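Asks: As you go down the protein sequences, you meet chains E and L in turn. Under our numbering, the first sequence has 53 at position 53, and the numbering climbs by one with no breaks. Position in the second sequence counted from 1, then plus 1000, gives you our numbering.
Any given hint could turn out to be false.
Claimed, not checked - Ranges between beta-carbon positions, derived for each pair:
{"no.": "1", "chain 1": "L", "residue 1": "Glu-1144", "chain 2": "E", "residue 2": "Ala-68", "range": "56 to 64 Å"}
{"no.": "2", "chain 1": "E", "residue 1": "Arg-16", "chain 2": "L", "residue 2": "Tyr-1111", "range": "48 to 56 Å"}
{"no.": "3", "chain 1": "L", "residue 1": "Gly-1101", "chain 2": "E", "residue 2": "Arg-16", "range": "47 to 55 Å"}
{"no.": "4", "chain 1": "L", "residue 1": "Ser-1012", "chain 2": "E", "residue 2": "Ala-5", "range": "42 to 50 Å"}
{"no.": "5", "chain 1": "L", "residue 1": "Pro-1151", "chain 2": "E", "residue 2": "Gly-42", "range": "22 to 30 Å"}
{"no.": "6", "chain 1": "E", "residue 1": "Ala-5", "chain 2": "L", "residue 2": "Ser-1037", "range": "27 to 35 Å"}
{"no.": "7", "chain 1": "L", "residue 1": "Ser-1037", "chain 2": "E", "residue 2": "Phe-77", "range": "13 to 21 Å"}
{"no.": "8", "chain 1": "L", "residue 1": "Phe-1015", "chain 2": "E", "residue 2": "Lys-8", "range": "32 to 40 Å"}
{"no.": "9", "chain 1": "L", "residue 1": "Ile-1003", "chain 2": "E", "residue 2": "Gly-55", "range": "19 to 27 Å"}
{"no.": "10", "chain 1": "E", "residue 1": "Lys-8", "chain 2": "L", "residue 2": "Tyr-1128", "range": "38 to 46 Å"}
{"no.": "11", "chain 1": "E", "residue 1": "Lys-18", "chain 2": "L", "residue 2": "Tyr-1111", "range": "47 to 55 Å"}
{"no.": "12", "chain 1": "L", "residue 1": "Leu-1121", "chain 2": "E", "residue 2": "Gly-55", "range": "31 to 39 Å"}
Read the hints as simulated data drawn from the structure, not as lab findings. Given the structure is predicted, the values throughout are model-derived calculations rather than measurements. Just so it is clear, CB atoms sit at the ideal spot from N, CA and C, and this is done for glycine as well.
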Amino acid sequence: MSPRARLKKFFDTASRSKLMIYACVLGLIALALMSWSLFDQGWIPVMVAMSVGQGIGTLSLVLFLAIAIIDLRRAEFRPSLPPNRGKPDDD
Amino acid sequence: MHISPLSWIALSCAFVAAGIMVYYLVRRPRLDLAGMSLMFVGLGVLPIMVALIGNMQGLDATERQGFCGSCHTMDMWIEDANDPNSTSLAAIHSRTNKFGGKSCYVCHKDYGMYGYALTKLGGMGHVYKFLSEWMWYDRDEVIEKIHIARPFKNQNCMQCHSTTGSIWTGVADHNGLLDELRSGETSCVSAGCHGYAHPFSKPDEETPSSDEVHTAIHGGSPEGT
Chain E
1 MSPRARLKKF
11 FDTASRSKLM
21 IYACVLGLIA
31 LALMSWSLFD
41 QGWIPVMVAM
51 SVGQGIGTLS
61 LVLFLAIAII
71 DLRRAEFRPS
81 LPPNRGKPDD
91 D
Chain L
1001 MHISPLSWIA
1011 LSCAFVAAGI
1021 MVYYLVRRPR
1031 LDLAGMSLMF
1041 VGLGVLPIMV
1051 ALIGNMQGLD
1061 ATERQGFCGS
1071 CHTMDMWIED
1081 ANDPNSTSLA
1091 AIHSRTNKFG
1101 GKSCYVCHKD
1111 YGMYGYALTK
1121 LGGMGHVYKF
1131 LSEWMWYDRD
1141 EVIEKIHIAR
1151 PFKNQNCMQC
1161 HSTTGSIWTG
1171 VADHNGLLDE
1181 LRSGETSCVS
1191 AGCHGYAHPF
1201 SKPDEETPSS
1211 DEVHTAIHGG
1221 SPEGT
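For reference, chain L alone in the conformation it holds in the complex:
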């Protein structure tokens, strides 16, 4: 358990505020100007500090893998992303510093103008679905019934892979499908391209092996298109 310096400040504020409240409950001082000022600090200033820091820490926590993985339905996704031997896109990306402990959020967040709020709204929808339905699923049912709400956007891949670099444009398949890839008509994470980001969750679908992906990137496409 890691507690940040900001959290320690919040905990100190909470401790002092709790002390003031307990002092009132035990000693019942007079509510004159001094008493009211003390209670204003204990009931107003310090708890507001705790709430503000709590919000900052809480919103930061919602971007972390541990938060997404705290629902048991996401166990397998997190296990795969953190598996050092996995060659899935999710695992490969989770191993890089850019993604690290926030890989779920960095890949799945909405990068639009109101992206942060929309992503949080989407998360609230997940919480509702979890409480109303998903929490009763076992692992087999999770694989069978839980799917991404909307097709994965290529725009999210393009936050890092700009589609303009020489290595990227050097791949024949990329050049042939440039417009479709940029418009999102053809998905980067489809079975015929880089494969699904979480292939274990698509047992009946075909997904390319890591060798095939490697060949496509460094040696041109197998079909030579």
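The following block holds chain E by itself, in its conformation from the complex:
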């Protein structure tokens, strides 16, 4: 299966709530790592925050965007204007 087909299958079948749980857990880990460097400015916390912490945070945001894409793909768009039915008969 090509990567494109795999991605399409993912967007068709993935569970939004499960993805959101993963996004939240990853987000919490990222926040903890990024906040650590605000308290302790040694080389380990600072480098971990600016690499691992931000990487995990980005992954969390990507999962959220994936949920938004899934929403958009599943949404039924209805035109805001009624369809043109032609002029009513005069009589």
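Let chain E serve as the given structure and place chain L on it in line with the hints.
Replies: Coordinates of chain L only, in the frame set by chain E:
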């Protein structure tokens, strides 16, 4: 531990974002427009604020002595720089306001056009060397095996000591070596001039005493050149 006002803002953002995420994990609200908007704030806007402020604070922290000294291999360099009785160049400069808590960075940074990025790249190289090799060294091995990667540039001294002032040009040795000093052929921090910036790390090398340096500055060179 000092936490800056900016850090408090970042911590507040992190706290609110964490609250939103925990709220979702516990209550599982519907992911309709309101729910998604809330999660956008919790997973997007606020963590990005934390990351941006974290970057600013983190990059600022990398310029501080505490950051350089957080590797145990640098312990002796930091101890000497902060020793009020030390007469090494590093200690003398660290005692001034211009350098203060950033003395390692102010002296060792690259002052070229891409200096900031190159300095950070050099720092990454130090982290790699620390993780792969230096972290296993004890204090004796540190002195023996760790040396500056490239010779110290006079350009860094010349950021403050312009080599044009009357006191500086009044020193005979400076005048005699003006071109060599400006081009970097002769190092300001060599044994025959002002001595090594961290003399304790060069136990076998000759370095002038503070009296000799004082005499050279205020009373002409001992050789009268």
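Asks: Could you run down the list of hints and mark each one as holding or not?
Replies: Here is how each hint holds up against the structure:
Between L/Glu-1144 and E/Ala-68 the beta carbon distance is about 58 Å. The supplied range of 56 to 64 Å therefore holds. Range check, E/Arg-16 to L/Tyr-1111: Cβ separation about 52 Å, and the 48 to 56 Å hint holds. Between L/Gly-1101 and E/Arg-16, the C-beta spacing of about 49 Å keeps the proposed range 47 to 55 Å intact. Against the hinted window of 42 to 50 Å, the Cβ-Cβ separation of L/Ser-1012 and E/Ala-5 comes to about 44 Å, which satisfies the hint.
As the Cβ distance of L/Pro-1151 to E/Gly-42 is approximately 29 Å, the hint placing it in 22 to 30 Å holds. Under the hint 27 to 35 Å, the C-beta atoms of E/Ala-5 and L/Ser-1037, about 32 Å apart, fit the expected range. Between L/Ser-1037 and E/Phe-77 the CB atoms are about 19 Å apart, so this pair conforms to the stated range of 13 to 21 Å. Between L/Phe-1015 and E/Lys-8 the C-beta distance comes to about 39 Å, which sits within the given range of 32 to 40 Å.
For L/Ile-1003 and E/Gly-55, the hinted distance range of 19 to 27 Å is satisfied, since their beta carbons lie about 24 Å from each other. A hinted range of 38 to 46 Å for the beta carbons of E/Lys-8 and L/Tyr-1128 is consistent with their spacing of about 40 Å. The hinted window of 47 to 55 Å between E/Lys-18 and L/Tyr-1111 holds, with their beta carbons roughly 52 Å apart. Taking the beta carbon of each, L/Leu-1121 and E/Gly-55 are about 19 Å apart, not inside 31 to 39 Å as hinted.
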